[in-house]
Every structure is written in C-alpha cells, then in structure tokens.
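There are 4 protein chains.
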Amino acid sequence: MSFELPIYKEPDFQIPQFLEYPNVTVQLVEKHGVAPERFHATTIFPEYYKINGKWVLLTQSRMDCVVVVRENEYLEAKELRRLQVGDKVVVGRSEDGSEGIYIHTKGFGNDSTTSETFAFRTGRSRETSYSRDYDRLYELLQFEKDNGYIVWVLGPSVVFDSDSKKAMISLIENGYVHAILAGNALATHDLEGAVLKTALGQDIYTQESIPDGHYHHLDIINRARGFESLKDFIHVRNIDDSVICACVQNMIPVVLAGSIRDDGPLPEVIADAYTAQDAMRQHTKKATTVLCLATQLHSIATGNMTPAYQVVNDIVRPVSIFSVDISEFAVNKLRDRGTLQVTSIVTNIQDFLVNLHRNLAGDKISRV
Amino acid sequence: MSFELPIYKEPDFQIPQFLEYPNVTVQLVEKHGVAPERFHATTIFPEYYKINGKWVLLTQSRMDCVVVVRENEYLEAKELRRLQVGDKVVVGRSEDGSEGIYIHTKGFGNDSTTSETFAFRTGRSRETSYSRDYDRLYELLQFEKDNGYIVWVLGPSVVFDSDSKKAMISLIENGYVHAILAGNALATHDLEGAVLKTALGQDIYTQESIPDGHYHHLDIINRARGFESLKDFIHVRNIDDSVICACVQNMIPVVLAGSIRDDGPLPEVIADAYTAQDAMRQHTKKATTVLCLATQLHSIATGNMTPAYQVVNDIVRPVSIFSVDISEFAVNKLRDRGTLQVTSIVTNIQDFLVNLHRNLAGDKISRV
Amino acid sequence: MSFELPIYKEPDFQIPQFLEYPNVTVQLVEKHGVAPERFHATTIFPEYYKINGKWVLLTQSRMDCVVVVRENEYLEAKELRRLQVGDKVVVGRSEDGSEGIYIHTKGFGNDSTTSETFAFRTGRSRETSYSRDYDRLYELLQFEKDNGYIVWVLGPSVVFDSDSKKAMISLIENGYVHAILAGNALATHDLEGAVLKTALGQDIYTQESIPDGHYHHLDIINRARGFESLKDFIHVRNIDDSVICACVQNMIPVVLAGSIRDDGPLPEVIADAYTAQDAMRQHTKKATTVLCLATQLHSIATGNMTPAYQVVNDIVRPVSIFSVDISEFAVNKLRDRGTLQVTSIVTNIQDFLVNLHRNLAGDKISRV
Amino acid sequence: MSFELPIYKEPDFQIPQFLEYPNVTVQLVEKHGVAPERFHATTIFPEYYKINGKWVLLTQSRMDCVVVVRENEYLEAKELRRLQVGDKVVVGRSEDGSEGIYIHTKGFGNDSTTSETFAFRTGRSRETSYSRDYDRLYELLQFEKDNGYIVWVLGPSVVFDSDSKKAMISLIENGYVHAILAGNALATHDLEGAVLKTALGQDIYTQESIPDGHYHHLDIINRARGFESLKDFIHVRNIDDSVICACVQNMIPVVLAGSIRDDGPLPEVIADAYTAQDAMRQHTKKATTVLCLATQLHSIATGNMTPAYQVVNDIVRPVSIFSVDISEFAVNKLRDRGTLQVTSIVTNIQDFLVNLHRNLAGDKISRV
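Going down the list, the protein sequences come from chains A, B, C and D. Numbered continuously in my numbering, the first sequence closes out at residue 368. Numbered continuously in my numbering, the second sequence closes out at residue 368. Numbered continuously in my numbering, the third sequence closes out at residue 368. Numbered continuously in my numbering, the fourth sequence closes out at residue 368.
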C-alpha cells in the first residue's frame with residue numbers, strides 16, 4: 001500500500017446562504033503593527049473570504065494572524081507586528097460565512113470517533129500502538145520526497161547520539177529533508193561532534209566525558225565565529241560527517257533561530273526572534289510535512305506557523321505534522337494549542353530516527 | 001568486537017587481617033519468620049563469610065535477605081518470611097571482614113569516573129547517547145543466548161503494539177528468551193490480541209476502538225478460566241501468534257504474578273504475592289542478564305531479587321540488568337534502591353524491541 | 001459557598017419502550033469462576049435490570065463484574081473469580097434496555113463541553129488551573145466528614161516527607177479519613193519514620209542518609225513480625241507519631257495489600273492479591289469520596305472497583321475520585337480505563353496534603 | 001532558627017606554590033567577537049587570577065565567558081560575542097594556579113556526602129523530602145528581602161491559575177521580589193487574566209473555556225501594542241490585579257525576552273536574544289537568590305549566567321538557585337550543565353507559590 005493524497009472537498013458555495021452572505025468588511029490599519037478592533041484571526045483550517053462576490057481561499061496561512069486584502073483579491077495572513085499603516089484588515093469573528101468569512105473544518109472528511117458510552121484508552125501516550133503511524137509515515141515520506149516539501153524541526157538531542165546523527169545525515173543524503181529549522185545548540189553540538197567526536201564534552205558513542213570537555217562547544221563556536229558563514233567554516237576547516245555539513249553539501253536550507261540560552265552564537269544564527277520567525281515561515285509556507293523532534297521551543301513555534309493545508313498545483317492538500325518527544329506533555333502541547341492535525345509519537349528520537357533510516361535508506365548504520 | 005566476560009578478581013584472603021578475622025557469629029531463629037536482632041542483611045555484591053576458617057562465597061544471593069548457615073558450609077540467602085525456627089542466622093553489620101563478613105564491591109574492577117571540578121551531563125536521561133549501549137546489548141545477548149540465562153520482565157505495553165509484539169515473539173523463537181516474568185495483564189492482552197487483534201478493545205495495528213471492545217479482555221479471561229492452564233486454552237482453542245503462545249511452543253517458562261489490579265485472573269496467575277516472589281526467584285537465581293521493560297512493579301520486584309553476580313561453572317560472572325522505560329524516574333528507581341549494575345535506557349519499549357529484533361533476528365517485521 | 005449534593009435524575013421507566021422491554025435473561029454458572037458466554041459486564045454507571053417487570057438498580061457495583069440475580073430481586077456485582085456453580089448470571093450486551101439492561105450515563109446531568117471548532121487547552125495537565133478544584137475539594141471533604149465515607153489510597157511517598165506525614169496524621173485526627181488502602185511499603189516506612197525518623201534510611205526532615213540506614217526498614221519489619229498485629233507492635237513498643245499509629249488510635253481501618261515488591265512483609269499485610277481485592281472492596285462499596293495519592297498500582301486497583309454512584313439513605317449520589325500524582329500519565333491512566341468521574345490534580349502529593357491540612361485543620365505544621 | 005550566611009574561606013595564597021605561580025598570560029583579541037585560541041573559560045565558581053603578583057577575584061562572573069583584564073587590575077567576564085578588538089583575554093586551561101588561574105571550588109565548605117558501599121535514594125525526585133528545603137527557603141527569603149537581591153524567573157503557568165497568580169502578586173507587594181525575568185507569554189496571559197479573567201481563553205478560576213476565548217490573548221496584545229510601554233497600557237486602560245501591574249506599581253524591573261513562539265509581541269519585549277541576555281545579566285550580576293519556576297528556556301538561560309557567588313559589601317557570599325518544576329528532567333537539567341548550587345524541587349509551581357505566600361505573607365488567599 002502506498003500513500004495517496006486525501007481528496008479535498010470544497011465547500012458548496014452555490015447553496016443559497018453563501019450566495020446571500022455579504023462581502024467581508026475591512027478596516028484600515030492606523031498605527032504600524034496594530035490591528036483594528038474586531039479583527040479576524042486565522043485558524044489552522046482552510047478559510048474562505050468573500051471578496052467582490054467570490055469566495056477566495058486564503059493560502060499560505062498560519063494561525064493567529066490577521067488577514068489583509070491586497071490587490072487583485074489576494075489575501076495575506078499577516079502577523080500583528082508586520083501590519084503596515086493602510087493595510088486593509090478583515091474584521092468579523094463569526095466563522096460561518098455570515099460576515100463573509102468561512103472556516104472550513106471538514107475539507108478532508110471528518111474524524112470518525114466512536115461514541116460509545118464506555119470506552120478505554122482514548123488519548124495518545126507511551127502505550128499507544130505506533131506500528132501503523134510508522135508505516136504511514138514511511139509511505140508519506142516516500143511520496144513527499146518527490147512531491148512535497150518536508151521540513152524538519154530538530155532539537156539538539158538529535159546530535160547527542162552517534163547513531164541518530166548518522167541516521168539524520170543519511171535521511172538528508174537520501175532526499176527526505178527539504179529544510180531544517182533549529183537553534184544554535186543543534187548546530188554547535190553537531191559541529192562539536194564532527195570535529196571532536198563529542199557533544200557537550202561527552203563522546204557521542206562511548207559516553208565518556210573527555211578531560212576539558214566543557215571547552216569543546218566553546219572552542220567550536222569560537223573558531224566558527226572567525227568565519228562569515230558555517231559553509232566557510234566547514235570548507236576551510238575541512239569538516240565532515242555532520243548534519244550541518246550534509247545540509248551544506250546537499251544545499252538544504254537551515255534556519256538557526258537564536259535564543260537566550262545560547263553561547264556564542266555561531267555565524268548565521270538569527271538573533272532577532274521575529275526575524276527568525278519570518279525566516280522559518282518561508283519554509284512552513286511551503287511545508288507539506290513537518291517533523292518536530294525533541295524540542296518544545298522550536299516545535300511549538302513551528303506548529304504555530306504551519307497551516308493544516310497547502311495549495312500545491314492548484315490542489316488543496318493536507319499538511320501532516322509529526323511531533324516526536326519522550327514526554328506526553330510535550331507532544332500534547334501542540335494539540336492543545338489547536339494544532340489538531342498532529343500525529344504525536346511518544347518515544348526517544350534516537351530510536352525514531354534509526355527506524356526511519358532503516359526503513360527509508362535501507363542499510364545498517366556503519367560502525368567505524 | 002564480540003562480548004567477553006569481565007574477569008572477576010577474588011579478594012586476597014591471604015593478607016594477614018583476613019587470616020586473623022574471626023568466623024561469623026550465628027544466632028538461632030526462635031520464631032518462624034523473625035530474625036535475631038543485628039542480623040546481617042545481604043547486599044547486591046558478592047559476599048564472603050568466614051566459616052570454619054574459610055572464606056565462603058554466598059551464591060544465589062539477593063539483597064535484603066538474611067544469611068543462613070546450612071550443612072557443609074553451605075550458605076543460603078533467605079527472605080525474612082522463610083526463616084524456620086532453628087535456622088542459624090549470621091549476625092553482624094560490619095562489611096570489612098572484621099566480623100567474618102566481607103562485602104566485595106570491586107570484584108569486576110572499579111568504575112572509572114572522571115573527577116573534574118566542572119563537568120556536564122553526569123546522569124542518564126532521554127539525552128544520553130544510547131548507541132553503544134545497544135551495540136553492547138546485541139553482543140551480550142548473542143553470548144548469553146548460548147552461555148547464559150536471559151530473564152525478561154514484561155509490562156503489558158509490550159503487547160499493545162503489533163510490531164513490538166511480533167518482535168518479542170521473534171526473540172523467543174530465536175533463542176534469546178529463557179524465562180519471562182510478568183503479570184495477568186500482559187498475558188490477557190497478549191491473548192486478546194491473538195484472538196481478537198485488540199488490546200483493551202483497541203486494534204493493536206490500526207488503533208481503532210472496536211465496538212464492545214471493553215468486553216474483549218473479559219471474554220478472553222472468562223474463556224481461559226474454563227481451562228486448567230494457558231497451555232490447554234491455547235491448544236484447544238488453537239490460538240497462535242502471541243508471546244504466551246511462543247513461550248508454550250518453545251517451552252519457555254512464564255511466571256505470572258497476580259496483583260490487586262487484575263481482572264479474572266487467568267489460570268496460572270499466582271495469587272499470593274510471596275509465592276509469586278519464590279517462583280520469580282527460581283529464575284533470578286540463575287539469571288545472567290535481565291531485561292526489564294515498561295513495568296515498575298515487576299521491574300523493581302525483580303531488581304530486588306537479582307544479585308550483581310552469578311557463579312556459572314565455578315566462575316564468578318556479573319549479572320547485567322537493563323531497565324527500559326520512557327520515564328527517567330522509573331529507570332532511575334532501580335538504581336536508587338541500590339541496584340547499581342543497571343543500564344537504563346530511556347525510550348519507548350516498542351522501538352527498543354523492534355531494534356533488538358532487527359539486529360538479532362535480522363529480518364523485517366512482516367505486515368500481514 | 002458550601003457543598004451540595006447534585007440531584008440524581010432517575011430514568012423515566014414509564015415511557016412505553018421501557019414498559020415493553022423484556023425482563024433480563026439469566027444463565028446458570030456451570031463451572032466455578034466461569035461466566036456464561038455473552039455475560040453482561042458492569043460499567044461504572046448506574047445500571048438498571050428488569051426483573052419481574054420492575055427496573056431494579058444495581059447497588060454496590062464495580063466495573064467489569066458480572067451481575068448475579070439473587071433472592072428477592074437482589075442484584076450482586078460479582079468478579080468472575082467469585083462466581084459459584086448455580087449463580088444466575090445476567091446475559092446480554094446491549095445497554096439501552098432492550099435486553100432488560102439499562103445503563104444510565106446521565107443521571108447527574110450532562111457535562112457541558114464547548115463545541116467550538118477551534119479551542120485551546122482541552123486536557124488536564126500541570127498547566128491546568130487547580131484553584132477551584134482545591135476549593136471544591138475542601139467543601140466536599142467538610143461535607144463528607146459527617147455525611148459520607150472517605151477512602152484514602154496512599155503511596156509510600158506520603159510518609160517520605162515530614163510535613164506531608166504530619167498533614168496526613170492531622171487529617172486522620174480531624175475526622176477526614178474513614179479508611180486507608182495501601183501496601184507494605186507505606187506502613188513500613190511510616191513506622192520506620194516513627195521509630196528511627198527515616199524512610200529507607202534517609203531522614204524525613206533533614207534528608208541525610210543515616211549510616212547503616214539500609215537496615216532501617218528491615219529492622220522495623222523484623223521487629224514487627226514478632227507480633228500478631230501492627231496494633232500490638234505499636235502498643236508494646238510504644239510507637240507514636242505515624243499514619244498507622246493515628247489509624248490505630250482512631251480506629252480507622254487500614255487494608256494493606258501485599259505485592260511482589262515487598263520485603264517482609266509486616267503483619268496484617270494480605271498476601272493474596274484477590275483476598276486483598278475483597279478487603280479493599282469492603283470499603284469501596286461504601287465510598288462516597290476516594291482520594292488516590294501517588295500510587296499507580298493501588299490507585300488503578302481502587303479505581304477499578306469504585307462505582308460512579310452510591311446509594312445512601314435511599315438516595316443515589318455521585319462518588320468523587322481525586323487522583324493526585326506528579327505524572328500526567330498516571331492521573332490520566334484512571335480516566336483512560338473508563339473512570340470518568342475522576343478529578344486529576346498534577347502535583348507533588350506533599351504539597352497537596354499540606355494544602356489540605358492548612359485548609360481543613362487550620363493550623364501550622366509544628367516543627368519539633 | 002533564622003538564616004545565617006555561610007562563611008567564605010579564601011584560598012591561602014601565602015602557601016609557597018601560589019607565590020611562585022606566574023601571572024596570567026593574556027592575548028589580544030584580533031577580530032571582534034572571537035577569542036584567542038586556548039582562552040580560559042569561566043566556571044560557576046569563584047576564580048582568582050594573578051595580576052601583577054596579586055591574586056584578584058573575578059566578580060560578576062558567569063560561566064562560559066572569557067576573562068578580559070581591564071585597567072587597574074579589573075577583570076571582566078565577557079561573552080564571546082562582546083569581545084572587542086584589543087581586549088586582553090586570559091589564556092590557559094589549568095585551574096590549579098599554575099598558569100595564574102585558580103578555581104576555588106570549596107570556598108563555602110565541602111558537601112559532606114556519605115560514602116557507604118550500599119545506599120539508597122541518592123538523587124532528587126518527586127519522592128525527596130522537601131520540608132526542610134521549604135523551611136530553609138522561607139528563612140532565606142526573609143533574609144534576602146532586606147539583604148539580598150531576589151530574582152524570579154517565571155514561566156507562563158504562574159498566571160494560568162488564580163491562586164498562584166494572587167500568591168505571586170502578594171510576594172511582590174511584600175518585598176520578596178527584586179526583579180522578574182520572563183517572556184512574552186507570561187506577560188500576555190497575566191494581562192489577559194487581569195482584563196478578561198482568562199489565560200488562553202480559559203477562566204483561570206472556573207477552568208471554563210470562554211466562547212471566542214482564542215481571541216483573548218490576541219486582543220490583549222493588539223491593544224497593548226497601541227502603547228509605548230506596558231506601564232502606559234496599564235495606566236490608561238486602568239488595569240489591575242496582575243503580576244505585571246504589581247511590578248509597575250512597586251517599581252520592580254521586568255525583563256521580557258522574546259522568542260520564536262511569541263504572538264505579538266507586547267511592547268517592551270526584547271526581540272534580540274542577545275540584547276535580552278545582556279538585560280537579564282544586569283540582574284543576575286546582582287542576584288543573591290534566584291527562583292526559577294516552570295520554564296526550561298528562561299531557567300537554563302538564567303542558570304547559565306548566574307555565578308555561584310556574589311561579592312556584597314566586600315563579603316563573598318553564595319548565590320542560591322531554586323529550580324521548581326514538575327519534571328525531574330527539567331530541574332535536573334540545570335545541574336547537568338554544571339549549575340551545582342541548585343536546590344531542585346519537583347512539584348507544581350501553583351502549590352509552591354501558595355506555600356510561599358502562606359508562610360511569608362501569612363494570610364489566606366481571598367476568594368472574590
């Protein structure tokens with residue numbers, strides 16, 4: 001069985017009430033970065049806006065934005081902070097079309113949920129059966145490799161372990177990665193491992209703490225800071241065998257968002273949180289599958305800016321988010337914020353990555 | 001690199017102080033199940049007792065027992081509850097030999113721990129690198145398959161997932177399992193899965209909740225209760241494709257200890273907690289490797305009764321315990337009780353079992 | 001605002017279909033401990049059975065039992081293992097009355113759940129606001145003290161800390177405890193603390209590890225084993241300042257269920273898991289409020305045998321279960337098994353108990 | 001018993017080897033933000049540098065910085081990114097004085113750790129006894145209120161609950177708070193609660209989800225963005241009953257660091273991660289006690305920049321860090337990074353704050 005895109009069912013805008021509903025109301029932005037009262041805020045679902053009598057689908061959406069009507073009936077989902085004086089912002093808070101705004105929650109069918117009076121095990125936890133989720137994910141990624149845009153959101157523990165690091169590199173080399181969103185720590189410990197075989201001073205295979213190992217990440221950062229870019233650092237210093245190196249070699253974009261936890265930072269790390277959001281959203285705007293591994297900060301940030309659907313070649317298709325973490329709290333946090341299309345898997349991401357490598361790249365992880 | 005047993009270094013009992021130290025003192029048990037005051041309690045380490053001028057190694061130990069001197073200088077580690085009137089119990093609480101009791105903590109060498117003033121990441125957690133632990137475990141199990149006694153302690157989530165269940169069955173069929181310690185729930189949901197494809201009413205592959213699924217485990221239990229043994233139930237009802245079935249077919253002993261959480265129970269489940277302890281200890285007495293998966297109750301119970309060493313063919317060898325659970329608290333709990341030889345792996349046991357299957361049995365898990 | 005019992009609304013059995021529905025069908029038990037096929041299994045909800053044309057409410061229920069029709073239209077919810085040859089067991093698996101079995105899920109009204117398309121934070125976690133739950137619990141316990149039956153289910157960590165232990169003792173002395181369900185460890189470490197000021201060898205106030213502290217629990221157990229009962233041990237040895245002592249002094253029943261983790265055990269610990277279930281159910285049969293603190297084993301066992309309702313003075317009233325644990329997984333586990341009336345609070349039970357003490361007993365915890 | 005500062009014991013620099021050791025070696029920074037190879041990196045401990053034959057204590061330290069020798073033998077701990085061309089950076093990686101660098105790990109005495117061969121319960125977890133930690137914390141805060149500088153690091157869940165929010169406000173009003181470090185979410189949900197009684201749309205007392213509640217935080221942010229500062233917003237809109245309001249009224253500085261998760265952001269939130277670090281460090285430079293509640297990001301960031309000691313009125317005193325979180329992993333994470341002076345408490349911060357309020361402010365939390 002291989003993956004097939006679910007069919008999207010458009011709302012039937014020919015039924016009378018939709019014909020009668022008014023066009024959206026807009027109000028002008030009067031102060032930079034401030035929306036008019038009663039602005040409409042976006043959800044994760046497909047949303048249609050009635051403009052000049054036509055119902056127009058919002059594309060490249062993200063939740064908690066306001067909708068600005070631009071020239072030629074083009075709609076843009078804008079964060080509050082990006083609003084410009086004069087922007088025409090959609091106002092109205094009903095979702096049924098009666099104010100020209102329609103939120104379409106069932107475009108990809110309805111989740112069939114049993115409604116027995118008495119049932120066990122309704123949540124997802126460490127005890128959920130994940131076999132089918134893995135199988136579906138393998139099929140999905142094989143499809144997306146050529147037909148979609150796969151965004152990975154990586155916490156530093158991806159590179160704390162030798163095998164999971166190799167697995168991640170292999171997935172990049174085999175075409176399963178179209179963009180990586182991460183932070184300073186991921187890149188630092190990745191390069192630390194490449195140069196010194198450690199992460200935070202601990203050997204990523206033998207687990208041994210190396211004497212003066214607490215200098216390792218600082219030395220890597222300091223050396224890299226001598227260069228304009230990680231690419232230059234890698235080339236000049238001849239570094240290999242790392243996630244960042246694999247991205248450089250395969251021209252996979254990496255967005256490194258800075259945070260207050262950072263040492264350094266490395267070159268290319270984006271200091272401004274909102275500039276970083278903009279850079280991340282360049283990828284979530286295109287994302288058709290997102291995998292979030294072991295990072296609450298970056299996962300929630302990415303989840304916030306990923307819509308439930310994407311328009312690819314004029315076809316509306318769903319976006320799949322996989323949230324993988326060892327903590328139920330962490331994986332459920334995404335759902336709790338309204339990110340309903342998330343498949344959460346409760347496990348150690350080391351095993352998750354090795355599973356993906358074995359099933360997609362097919363070969364054993366080599367031990368040097 | 002394949003597994004080699006570490007060499008055990010006996011204490012040098014020829015050094016003068018050991019020659020001078022007295023024989024152990026014993027006192028008689030006066031009331032069934034009650035030890036004399038100042039009884040010596042066993043640890044997990046190899047312990048030597050001076051009897052008739054000779055230092056005798058305690059074998060088949062377990063911690064928190066008292067030591068009874070039997071005929072012919074034979075020593076038995078007995079739980080308080082098994083003490084008989086007249087038993088000769090060793091008394092004394094020094095550990096250095098001065099009371100004829102010597103606890104040998106460094107027989108297998110000393111853990112080399114770095115002693116820098118400033119080091120990161122000293123504990124074991126979700127962020128520990130587990131690649132080497134896996135590699136060592138694979139080598140160890142290949143050795144133990146023919147040279148040791150591998151005891152598995154299984155929580156019910158082993159059979160909540162289709163792939164992990166298949167992996168466990170494959171490990172049994174390939175000789176990596178010499179005994180299983182578990183409870184009523186493991187066996188119930190295992191057989192539920194075999195007969196009805198569910199666990200607690202939820203399909204173990206598709207995750208669907210089946211109508212009236214909350215009857216599934218009760219029906220399985222009720223049907224099995226019509227038989228004297230699980231073996232009979234399995235044979236008469238022609239049940240296959242389950243952990244318990246694989247044990248029956250391969251004549252692997254299974255100890256099912258009852259608990260207050262149980263429905264039923266199934267036939268063969270041992271109602272009395274201490275009778276169950278005795279049955280479990282028949283296996284831990286021989287165990288050379290113990291794998292504890294996703295059950296706090298049974299893991300701690302087993303950890304308590306597993307010594308750090310075993311005497312096999314007159315050679316003292318270490319016992320390895322692996323504790324695998326998604327919760328740091330659970331895996332660390334074993335260590336906290338003094339079970340120091342534990343390798344803890346923080347992950348979902350579904351992935352752990354699939355890893356073992358792939359690396360030891362070599363083949364892919366088939367999807368029917 | 002003080003606590004008021006919610007009004008129970010009986011089903012209207014005068015509506016025609018209920019009048020037409022048949023009496024229940026029963027089948028005889030042919031083998032001890034085995035139910036007829038298609039036996040009806042109980043839920044946690046009020047259930048009515050049509051006997052001789054009358055709809056009879058099942059009382060003293062517990063889930064996953066079979067229903068036996070006794071003399072005089074009396075119904076008994078029996079565990080499979082307690083079935084006797086000749087017992088008349090209700091068969092039928094519909095719940096709407098059409099087989100003479102009616103499960104009444106909405107007797108206490110319907111949970112009003114919002115049904116917006118887009119909402120945050122639907123689960124209960126560490127981030128749930130618990131102020132109101134505490135306030136309601138204080139009011140409930142003040143009511144139950146005189147009008148109900150409050151069962152406490154205690155894990156050993158209740159007595160690992162000095163203040164929480166004092167708080168628990170104070171709640172007993174102030175009348176808020178009608179029965180305690182626990183295990184060997186709770187009683188052992190409670191008495192260890194009373195005699196030696198430690199739990200597992202660690203001072204329960206200063207946290208210091210005491211030399212030879214690993215003997216403490218064994219010494220307490222061994223000494224207690226010299227007596228027929230904990231009461232005798234406490235009286236003869238003049239022990240005070242403990243949860244068990246407070247129960248003895250206030251004649252509060254304590255059920256100690258044995259488990260395979262136990263050292264000893266202490267006198268009075270029930271070795272047989274199912275005998276222990278029977279002893280526990282003597283209390284859950286009467287329970288109107290149940291508080292489960294920091295023990296998965298005993299909490300789930302108790303949850304399984306606690307119905308959602310109780311008949312007190314011919315009035316049907318709800319049973320409240322509070323599940324308090326630091327792990328979302330643990331508190332949600334009860335819900336997942338169908339125990340829907342649970343209020344889960346995610347916190348450390350030390351703080352929970354101190355809160356209850358301060359709000360119910362009113363005074364500061366004294367520091368000696 | 002009330003709090004007394006531990007006495008700091010200076011190294012004895014009169015012993016011959018210290019007299020013989022050389023002055024530190026420095027090298028000049030040649031490129032902005034890049035240290036010379038073999039730069040010395042700071043730890044959390046007091047460090048002395050030999051300058052012109054004198055051993056000079058580094059003040060206002062933070063770990064993982066480089067040390068710059070300024071005029072008049074003044075030493076500055078600088079982050080890599082703040083290095084200026086020409087800065088004189090100390091090089092050398094020995095810690096014993098032999099390169100003019102001495103790390104003094106035992107200035108406040110040695111932790112006495114038991115060294116028995118066999119001991120239980122060495123870590124800190126949900127089962128640790130916290131009574132004494134609370135008592136010490138109460139005494140410490142009463143001392144620090146007048147003699148120290150208490151920095152609070154707050155996660156948003158502080159304001160998700162009505163009682164914990166009131167408790168926090170009360171602690172501010174009673175003088176126990178000298179600075180707050182937090183993020184956009186804390187301030188947003190705090191003000192949302194003040195204006196609309198909710199956090200993320202859920203009533204912070206009744207837990208009810210309010211219709212259109214997902215607009216609440218966006219509306220608050222949007223309204224606040226119309227003002228230059230939170231102070232203006234609060235004054236003009238007449239907002240009260242919130243943590244931020246209490247800070248404004250009591251002139252307590254609040255640093256709000258931006259992150260990629262943010263909506264908005266609110267005015268005053270610092271977008272640049274490293275500018276935010278600088279602003280935070282203005283407070284950790286003075287901090288004598290730090291309390292980190294339920295935020296991994298801000299806690300680790302703050303932990304990284306808080307030294308183990310402070311010089312107050314020429315006296316070297318220790319800095320106490322309390323890390324409070326419901327997850328063992330989170331509280332242990334600080335220790336794992338080398339922040340050894342941390343007291344970790346595993347509980348829900350709602351209860352923690354209510355405890356502090358009751359013991360320090362003395363009164364009951366009022367219910368309106």
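Note that these hints are calculated values from the structure, not bench results. Errors might be hidden in some of the hints.
Said to hold, decoys possible - Listed below are several chain D residues computed to face chain A (Cβ distance under 10 Å; list not exhaustive):
{"hint": "1", "residue": "Glu37"}
{"hint": "2", "residue": "Asp212"}
{"hint": "3", "residue": "Gln249"}
{"hint": "4", "residue": "Asn250"}
{"hint": "5", "residue": "Pro253"}
{"hint": "6", "residue": "Ala257"}
{"hint": "7", "residue": "Gly258"}
{"hint": "8", "residue": "Ser327"}
The beta-carbon is built from N, C-alpha and C at its ideal position, and this holds for glycine as well.
Hints, verified against the model:
At a threshold of 10 Å, the smallest CB-CB gap from D/Glu37 to chain A is about 8 Å, leaving the interface hint in force. For D/Asp212, the shortest C-beta to C-beta distance to chain A is roughly 6 Å, which falls under 10 Å, so the interface hint holds. A cut of 10 Å between beta carbons decides the hint on D/Gln249: the least distance to chain A is about 26 Å, and the hint is violated. With a cut of 10 Å, the hint placing D/Asn250 at the interface with chain A is violated, because the nearest CB-to-CB distance is about 25 Å.
For D/Pro253, the suggested interface contact is broken, since its CB lies about 16 Å from the closest CB of chain A, more than 10 Å. With a least beta-carbon distance of about 5 Å to chain A, the hint placing D/Ala257 at the interface is held under the 10 Å criterion. Annotation: D/Gly258 was flagged as interfacial toward chain A, and the flag holds, the nearest CB pair being 4 Å apart, inside 10 Å. For D/Ser327, the interface hint holds, the least distance from its beta-carbon to any beta-carbon of chain A being 7 Å, beneath 10 Å.
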